[in-house]
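Novice: Here's the letter readout for the chains.
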Amino acid sequence: MAMTQVEPATALADLHASQPEGVTIVLLSGEMDKAMAAFIIATGAAAMGMRVTMFFTFWGLNVIRKPGAASVAKDLLRKAFGWLNTGGAAHLPLSRFNFGGMGTTMMKKVMRDNRMPGVPELIETAQDLGVTMIACTTTLGLLGISKDTLIDGIDQLAGVSTYLAEAKDGSVNLFI
Amino acid sequence: MIESDITLDTLGYFCPMPIILTSKKIKELATGQVLEVLSDDEGIKKDMPAWCQTTGHEWIGFEEEDSDPKRVYKAYVKKAG
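Quick note, the sequences are listed as chains A and B, same order. Under this note's numbering, the first residue of the first sequence is numbered 19, with each subsequent residue one higher. Under this note's numbering, the first residue of the second sequence is numbered 145, with each subsequent residue one higher.
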């Protein structure tokens, strides 16, 4: 079978020439409804041929944590905090009517019955469509979350400059 | 009636799935071929023309069909080169 060799420089030049519009989304929230909104916009934009970058910070990091991952913090305060602050895309609460998880369970049932993708499926779709995902290093440290407890496919660990460099070239910039 | 080469069934799916499935399916078409997308999500009436405008594929039009239990929207897109 003949292989087509792509010259990296040419591919990069093509990308610059085509200049797809950029979308950046900051996800600060860790609730299911807000994460859904973020990922629906991200996947929609990617499907429209836009270049999408998502930044996860604070509670938004819980969305991209492996379920049941323990805190790696050594000091007692952050360790205790790690017990309280659990993560995992399949275990996010609703921002309203959570009722200790009952509201969320009901919402998930309605979604399943209506063939609506949940957050884990939306994350998978986003990765499939080439959405870039970046985790904020400062809040990872603050919340005692180690990078190996994040889900696979997190492209970068970075800070505010990386976000701003992307955002200034983008035409859509959201903070959720 | 609009002629199409390939049909994509997204019945029962809500936004953003019809658009995402369309963006994947269109890759299977050759330039100039027409994709028919079936959806019962009313949002597609606005979303598909908007998707075409952004991606550069040609928007052909809609057909609507009353069927039980929901109205079915058929969107037609011609693949651009």
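Derived by calculation from the structure, the hints in this document are not laboratory data. Don't take every hint at face value.
To be verified - Short, incomplete list of chain A residues facing chain B, as computed with Cβ under 7 Å: (1) ILE58; (2) MET66; (3) ARG133; (4) PRO138; (5) LEU175; (6) SER179; (7) ALA183.
As the list claims (entries may be wrong) - Okay, derived cross-link-like pairs now, DSSO-like style, lysine-lysine, Cα gap no bigger than 30 Å in a straight line: (8) LYS171(B) to LYS127(A); (9) LYS189(B) to LYS168(B); (10) LYS189(B) to LYS52(A); (11) LYS127(A) to LYS214(B); (12) LYS127(A) to LYS222(B); (13) LYS126(A) to LYS222(B); (14) LYS127(A) to LYS169(B); (15) LYS127(A) to LYS190(B).
Each residue gets a CB set at the ideal place from its N, CA and C atoms; glycine is no exception.
Novice: So, for every hint listed, does it hold in this structure?
Specialist: Against the structure, the hints:
no. : hint                   : verdict
1   : ILE58                  : 5 Å, holds
2   : MET66                  : 4 Å, holds
3   : ARG133                 : 5 Å, holds
4   : PRO138                 : 15 Å, violated
5   : LEU175                 : 27 Å, violated
6   : SER179                 : 29 Å, violated
7   : ALA183                 : 24 Å, violated
8   : LYS171(B) to LYS127(A) : 33 Å, violated
9   : LYS189(B) to LYS168(B) : 19 Å, holds
10  : LYS189(B) to LYS52(A)  : 25 Å, holds
11  : LYS127(A) to LYS214(B) : 21 Å, holds
12  : LYS127(A) to LYS222(B) : 37 Å, violated
13  : LYS126(A) to LYS222(B) : 36 Å, violated
14  : LYS127(A) to LYS169(B) : 29 Å, holds
15  : LYS127(A) to LYS190(B) : 28 Å, holds
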